[in-house]
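Visitor: Go by the hints and put chain B onto chain A.
Protein chains in written order, with the working numbering: chain A, 1 to 203; chain B, 1 to 203.
Be aware that a few hints might be false.
It does not matter which identical chain is meant; a pair holds if it fits inside one copy or across any two.
In silico EDC-like links for lysine to aspartate or glutamate, alpha-carbon gap of 20 Å or less [unchecked claim]:
no. : residue 1 : residue 2
1   : 110       : 55
2   : 82        : 193
3   : 26        : 159
4   : 185       : 65
5   : 82        : 65
6   : 16        : 159
7   : 6         : 18
8   : 86        : 63
9   : 185       : 66
10  : 86        : 111
11  : 110       : 88
12  : 82        : 66
13  : 110       : 89
14  : 185       : 88
15  : 185       : 89
16  : 8         : 18
17  : 16        : 50
18  : 86        : 183
19  : 86        : 65
20  : 185       : 98
21  : 82        : 39
22  : 185       : 63
23  : 86        : 98
24  : 86        : 66
25  : 16        : 55
Think of the hints as simulated: they come from the structure by calculation, not from any bench.
2 protein chains.
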Amino acid sequence: MNHVGKVKESEARIQKLEQQLSVFQKISRLMVREMSLADTLQAVVHLVTEFTHCDACLIYLLDNEELVLCASSNANSPDLGKVRLKLDEGLTGWVARERRMVAIPSEAYKDARFKSFRDLPEDTFEAFLSVPVIARNRVIGVINVQHRQSHRHSGAEMELLTTVGEQVGCLLVLARMAPDVIEQKNHAGLVIDNPPITPPVRQ
Amino acid sequence: MNHVGKVKESEARIQKLEQQLSVFQKISRLMVREMSLADTLQAVVHLVTEFTHCDACLIYLLDNEELVLCASSNANSPDLGKVRLKLDEGLTGWVARERRMVAIPSEAYKDARFKSFRDLPEDTFEAFLSVPVIARNRVIGVINVQHRQSHRHSGAEMELLTTVGEQVGCLLVLARMAPDVIEQKNHAGLVIDNPPITPPVRQ
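Only chain A is shown next, with the shape it has when bound in the complex:
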């Protein structure tokens, strides 16, 4: 490749990295704002949709042994709160059960793990990227990114979604917090009265 080509390639890479950073910064800002969890998850879905140019982004959260659709890039979807998947059903169930990412660039609907799901919002999509939502080291949900056309997922998309899965987990934990927890007057005591588990290395 000549230098002009290289400059262009670098510029595109810089733009993508800046976008990726911007998503993290915006989610971080969501973490410190006082918003309803439903609004916050919608905002996350919007950021992921913008970054991946996907046709649908869905967040499922666990209710006992079932995954419930809790946020969708279609904010008015009648499926919200209605679609429920068991953990042994579909790619989404597989991701939650196995705690592993799945990336399928085309014909996702033909995947054997998909076969019994003819009536789900995932059904008409070629490409499917899915990661677990993790809180305190446990799976508590799944995020899916879906494209109608074939789409080879980039490393940046996979990395971003993995981190978003962790951040959504934190948002869920934060939402469980009593609103007055920050009224606590002594934050330093949390650290100082609970010294490191690992002994400091002598320098």
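Guide: Just chain B now, kept in the frame of chain A:
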């Protein structure tokens, strides 16, 4: 600048952006791990030190009306838990009180807001970058990045530290969480039973 120069410049920019992303991804991973808060803050201080090549990174947290030094890039510092600043003292106090970032590239020790602090760990540093730690929209501490030599802080450094300030705030809130909170069986209910505050836009 010729094309070779531009390619080199772009490569440096890409490397810095990748580093910045890596810091966020690593802090995100810290958020889902089960670690003591002291260990987690030390890990954050280490990541910030690596990114900014600073000579000292310090985290102060509030105990009532005082800021207490809770983490330091010198993990064995005898000042940990000992150095206490009032909110009307020093640049660190100013940042907490005003909820604003301060970036001073040189002679930070000459800043009027600094003058009464001859015995603090900040004292011998030329450059000083400081941001508030925010949790639930309140200031609960301050993070300082200090260089012995003059240092013009980059936009990336300021942005990174601002976001780290928010993430440390989240880590503090998460640490207050009862360990069994994630044992809750219904995460979906948190969203579904508390619909968005803003009405969805009809499409």
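Visitor: Each hint needs a verdict: does it hold in this structure or not?
Guide: Each hint tested on the structure:
Proximity of residue 110 and residue 55 under a CA criterion of 20 Å is satisfied intra-copy only: 18 Å inside one chain copy versus 55 Å between copies. For a Cα distance limit of 20 Å, the shortest separation of residue 82 from residue 193 across copies, 12 Å, qualifies, whereas the shortest one inside one copy, 46 Å, does not. For the homomeric pair residue 26 and residue 159, the shortest alpha-carbon distances inside one copy (16 Å) and between copies (12 Å) are both at most 20 Å. With identical chains, the CA atoms of residue 185 and residue 65 are at most 20 Å apart between copies only, with a shortest distance of 8 Å across copies and 38 Å within one.
When the C-alpha separation of residue 82 and residue 65 is checked against a cutoff of 20 Å, the pair qualifies only within one copy, where the shortest distance is 15 Å, while the shortest distance between copies is 48 Å. Taking the shortest alpha-carbon separations for residue 16 and residue 159, both the intra-copy value of 13 Å and the inter-copy value of 17 Å come in at or below 20 Å. In this assembly of identical chains, residue 6 and residue 18 lie within 20 Å of each other by CA distance both inside one copy and across copies; the values are 18 Å within and 18 Å between. In this assembly of identical chains, residue 86 and residue 63 lie within 20 Å of each other by CA distance solely inside one copy; the values are 10 Å within and 46 Å between copies.
Taking identical chains as interchangeable, the C-alpha atoms of residue 185 and residue 66 lie at most 20 Å apart only when they sit on different chains, with a minimum of 10 Å there against 39 Å within one chain. Taking the shortest alpha-carbon separations for residue 86 and residue 111, only the intra-copy value of 17 Å comes in at or below 20 Å, while the best inter-copy value is 61 Å. For a Cα distance limit of 20 Å, the shortest separation of residue 110 from residue 88 inside one copy, 17 Å, qualifies, whereas the shortest one across copies, 65 Å, does not. Within a single copy, residue 82 and residue 66 get their C-alpha atoms as close as 11 Å, which meets the 20 Å cut-off; across copies the closest is 49 Å, which misses it.
For the identical chains of this complex, residue 110 and residue 89 are intra-copy neighbours only, at 14 Å inside a copy versus 65 Å across copies, given an alpha-carbon limit of 20 Å. With identical chains, the CA atoms of residue 185 and residue 88 are at most 20 Å apart between copies only, with a shortest distance of 17 Å across copies and 46 Å within one. For the homomeric pair residue 185 and residue 89, the shortest alpha-carbon distance between copies (19 Å) is at most 20 Å, but the shortest distance inside one copy (47 Å) is not. In the homo-oligomer, the alpha carbons of residue 8 and residue 18 lie at most 20 Å apart both inside one protomer (15 Å) and across protomers (18 Å), since each shortest distance falls under that limit.
Taking the shortest Cα distances, residue 16 and residue 50 sit within 20 Å of each other inside one copy (12 Å), while across copies they are farther apart (23 Å). In this homomeric assembly, residue 86 and residue 183 come within 20 Å of each other (Cα to Cα) only across copies, at 18 Å, whereas the closest approach inside a single copy is 40 Å. Proximity of residue 86 and residue 65 under a CA criterion of 20 Å is satisfied intra-copy only: 6 Å inside one chain copy versus 50 Å between copies. In this assembly of identical chains, residue 185 and residue 98 lie within 20 Å of each other by CA distance solely across copies; the values are 18 Å between and 41 Å within a copy.
For the homomeric pair residue 82 and residue 39, the shortest alpha-carbon distance inside one copy (18 Å) is at most 20 Å, but the shortest distance between copies (41 Å) is not. In this homomeric assembly, residue 185 and residue 63 come within 20 Å of each other (Cα to Cα) only across copies, at 6 Å, whereas the closest approach inside a single copy is 34 Å. Only within a single protomer do residue 86 and residue 98 lie at most 20 Å apart by alpha-carbon distance; the minimum there is 13 Å, versus 50 Å between protomers. For the homomeric pair residue 86 and residue 66, the shortest alpha-carbon distance inside one copy (5 Å) is at most 20 Å, but the shortest distance between copies (50 Å) is not.
In this assembly of identical chains, residue 16 and residue 55 lie within 20 Å of each other by CA distance solely inside one copy; the values are 19 Å within and 31 Å between copies.
Of the numbered hints stated above, none is contradicted by the structure.
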